[in-house]
Amino acid sequence: MDIWITGGAWVSAGGHGRLSEGRKPLIVPGPAIIPPAKEVFTRPHSRYGRFDRFTTLGCAAVALTLKDAGHEEGFTEPVGMVVSTTYDVLETDMAYYQTTLDQGGTLSSPNLFSYTLPVIVLGECAVLFRLTGPTFCVGNQGGLGSFALNNAVSMLASGKASKMLAGWIDSPPPDMSENGHKISGSIFVLLDPNPSRVLPYASRIRYEKGILSYENNAIPSLENLFTPAET
Amino acid sequence: MNEVFVMDAAIVTALGGSVDATWTALRAGVSAVRPITRFQTDRLEFHDGACVEGLAPGGENIVCALMAMALEQLKPIPNDTRVIWTGIKGDAQHVESKAGGGGGMDLFLPNHYRQWVSRRLGLANEGWEVNAACTSSTVGMAIGARMIADGECSSVLVCGADTVSRFTFTGFSALRGLSPGKCRPFDAARDGLCLGDGAAAVLLTDPQIAKRLGSGPLAKLTGWGIANDANHITGPAKNGSGLISAINSALGQAGISPDAVEAFCPHGTGTPYNDAMELTALESVFGSRRFPLFSVKGSIGHTLGPAGAVETAIAVRAMNEGIAPPTAGLINPEERAVGRARGAEQPFPGNNILKSNSGFGGCNAALMFERA
Numbered sequence: 682m683d684i685w686i687t688g689g690a691w692v693s694a695g696g697h698g699r700l701s702e703g704r705k706p707l708i709v710p711g712p713a714i715i716p717p718a719k720e721v722f723t724r725p726h727s728r729y730g731r732f733d734r735f736t737t738l739g740c741a742a743v744a745l746t747l748k749d750a751g752h753e754e755g756f757t758e759p760v761g762m763v764v765s766t767t768y769d770v771l772e773t774d775m776a777y778y779q780t781t782l783d784q785g786g787t788l789s790s791p792n793l794f795s796y797t798l799p800v801i802v803l804g805e806c807a808v809l810f811r812l813t814g815p816t817f818c819v820g821n822q823g824g825l826g827s828f829a830l831n832n833a834v835s836m837l838a839s840g841k842a843s844k845m846l847a848g849w850i851d852s853p854p855p856d857m858s859e860n861g862h863k864i865s866g867s868i869f870v871l872l873d874p875n876p877s878r879v880l881p882y883a884s885r886i887r888y889e890k891g892i893l894s895y896e897n898n899a900i901p902s903l904e905n906l907f908t909p910a911e912t
Numbered sequence: 588m589n590e591v592f593v594m595d596a597a598i599v600t601a602l603g604g605s606v607d608a609t610w611t612a613l614r615a616g617v618s619a620v621r622p623i624t625r626f627q628t629d630r631l632e633f634h635d636g637a638c639v640e641g642l643a644p645g646g647e648n649i650v651c652a653l654m655a656m657a658l659e660q661l662k663p664i665p666n667d668t669r670v671i672w673t674g675i676k677g678d679a680q681h682v683e684s685k686a687g688g689g690g691g692m693d694l695f696l697p698n699h700y701r702q703w704v705s706r707r708l709g710l711a712n713e714g715w716e717v718n719a720a721c722t723s724s725t726v727g728m729a730i731g732a733r734m735i736a737d738g739e740c741s742s743v744l745v746c747g748a749d750t751v752s753r754f755t756f757t758g759f760s761a762l763r764g765l766s767p768g769k770c771r772p773f774d775a776a777r778d779g780l781c782l783g784d785g786a787a788a789v790l791l792t793d794p795q796i797a798k799r800l801g802s803g804p805l806a807k808l809t810g811w812g813i814a815n816d817a818n819h820i821t822g823p824a825k826n827g828s829g830l831i832s833a834i835n836s837a838l839g840q841a842g843i844s845p846d847a848v849e850a851f852c853p854h855g856t857g858t859p860y861n862d863a864m865e866l867t868a869l870e871s872v873f874g875s876r877r878f879p880l881f882s883v884k885g886s887i888g889h890t891l892g893p894a895g896a897v898e899t900a901i902a903v904r905a906m907n908e909g910i911a912p913p914t915a916g917l918i919n920p921e922e923r924a925v926g927r928a929r930g931a932e933q934p935f936p937g938n939n940i941l942k943s944n945s946g947f948g949g950c951n952a953a954l955m956f957e958r959a
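Here the protein sequences line up with chains A and B, keeping their order.
Number 715 in our numbering belongs to position 34 of the first sequence; there are no gaps in the numbering.
Number 610 in our numbering belongs to position 23 of the second sequence; there are no gaps in the numbering.
Don't read these hints as lab results, they were simulated from the structure.
In this text, a Cβ means the ideal position worked out from N, Cα and C, and glycines have one as well.
Any given hint could turn out to be false.
[As the list claims (entries may be wrong)] Below, a list of computed lysine-lysine pairs in the DSS-like style, where the Cα atoms sit at most 30 Å apart: (1) B:K662 <-> B:K798; (2) B:K798 <-> A:K890; (3) A:K748 <-> A:K705; (4) B:K685 <-> A:K863; (5) A:K748 <-> A:K719; (6) A:K719 <-> A:K863.
[As the list claims (entries may be wrong)] Cβ-Cβ distance ranges computed for the label pairs, FRET-style: (7) A:G703 <-> B:N907: 57 to 67 Å; (8) A:T787 <-> B:R799: 54 to 64 Å; (9) A:D856 <-> B:E647: 16 to 26 Å; (10) A:E754 <-> B:E647: 50 to 60 Å; (11) B:R763 <-> A:N898: 47 to 57 Å; (12) A:N792 <-> B:A931: 40 to 50 Å.
[Stated by the list, open to error] One-sided excerpt, in silico: chain A residues whose CB lies under 8 Å from chain B: (13) T767; (14) Y768; (15) L782; (16) T787; (17) S790; (18) V800; (19) S839; (20) Y888.
Based on the provided sequences and hints, a complete structural model is requested.
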């Protein structure tokens with residue numbers, strides 16, 4: 682089965698970018714720089730500034746990905762989304778629980794509590810772009826987002842969606858680090874087995890017998906999909 | 588495509604430390620919902636939950652403690668079984684202790700839990716984790732079924748545990764999603780959900796492993812569906828669109844017409860919106876046909892991530908016994924639940940049962956089980 686990567690985008694401490702720009706994501710340690718709403722959305726989005734950081738990172742990369750793929754208005758067919766994450770929404774969990782500490786929990790923030798699951802970014806993107814296919818989060822084994830990519834492709838192969846978004850999001854609390862680095866950011870791609878048109882920067886991956894490959898190589902990370910295939 | 592069998596199921600709920608104990612208490616209409624003593628609720632408007640007796644935060648990780656009780660019940664499983672962890676708030680104890688100035692509780696993220704399960708069972712790989720809110724273990728079983736059907740692996744253990752924590756209790760309290768008393772799924776006067784402790788481990792295998800294990804399958808998992816409402820981050824779509832899609836996808840894959848479905852174990856939280864959405868979806872898929880549906884949440888509370896796996900263990904037992912257990916707390920069913928949900932047992936032929944869960948983020952998932 683051949684699947685086209687018709688759009689992609691990333692947000693990190695190194696800035697943000699899109700597949701169509703033809704350069705690999707600049708994933709560097711440090712807090713991700715959130716792009717302003719006017720660069721992300723084609724029309725004003727009143728809630729973007731009120732999301733928690735995890736959801737903001739995800740929504741920004743998804744919106745830029747769909748802009749890249751020419752689907753910024755969303756979908757009418759079943760399109761799903763799979764997200765890989767290591768830290769879940771631990772940063773939001775910490776922030777929410779602080780609101781429960783005074784007056785026996787009577788001042789707990791319902792708004793912050795709503796964002797204490799990583800699936801909330803799926804819900805926000807589903808509402809924004811009319812994603813009605815399979816949506817779930819998985820761990821981040823291997824390279825950034827590779828596990829989400831595998832699961833998203835399997836949904837396409839099972840016939841449960843016509844297109845899938847696959848991505849990685851992490852926003853660890855500032856006081857945490859892994860291997861001495863604090864990597865926060867997001868990367869997304871849109872997977873389409875039957876694109877109506879193939880843009881010049883689109884990549885093509887192959888799924889055979891449960892194995893994914895790109896130009897006959899394994900795909901260790903979503904970052905690897907940001908180099909256009911040589912034709 | 589390989590057939591997928593449910594070969595073992597172990598659960599721990601506030602009703603009992605096994606499927607047998609929980610099933611017996613469910614049939615008797617017992618509710619484990621009572622005033623919470625695990626943490627203080629005196630300043631809040633809500634006070635009840637379904638907690639496993641003796642399970643209290645101390646120096647140990649109580650999610651691991653609860654999960655261990657379920658794992659101990661499992662029969663031996665193949666060494667190459669893949670673990671899918673589906674607990675969703677296993678970091679709560681760490682977050683609570685850190686915010687309280689305590690430093691005693693190590694951080695356990697989902698990847699730590701699945702590694703812990705794999706090592707405890709002596710498995711060759713460390714598995715992976717799924718988070719789809721309250722549909723997590725339902726989605727986990729769907730993914731496990733796909734992996735087995737496609738021949739990617741021969742057995743998958745879908746497991747998870749979540750506990751009634753101050754973190755989740757204050758949150759649902761702030762959202763005003765809790766019932767002031769015992770929750771009453773599908774009742775006309777339902778007024779919110781109750782949280783409950785729960786752990787579950789469900790072993791799915793291909794036919795070869797099923798034959799090798801030799802214990803006789805509990806059920807066949809014949810279809811699954813996952814879909815999003817695309818409506819709201821915490822509330823269900825009134826028209827039930829996501830659940831309808833998930834159910835239709837599961838039925839289509841199973842090759843079962845809606846007319847052939849004999850019983851249904853939906854999410855049934857007892858919140859006005861969830862149960863209304865489920866009845867709307869049910870009428871959309873099944874029309875006016877009446878067949879048994881039941882919710883276990885009036886008895887064991889809402890167990891969050893493992894809810895789907897806990898309820899699958901019960902649903903499969905219900906199918907094999909041909910008995911839909913009483914929906915505890917249900918006294919006066921709302922109009923569309925009349926002739927479907929009851930506060931008493933309902934017999935059914937026991938050839939198949941549909942299971943679904945819905946959750947935050949617009950997530951919906953459905954599984955179709957048939958007698959093996």
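Against the structure, test the hints numbered earlier, and report the numbers of the ones violated in rising order. 20
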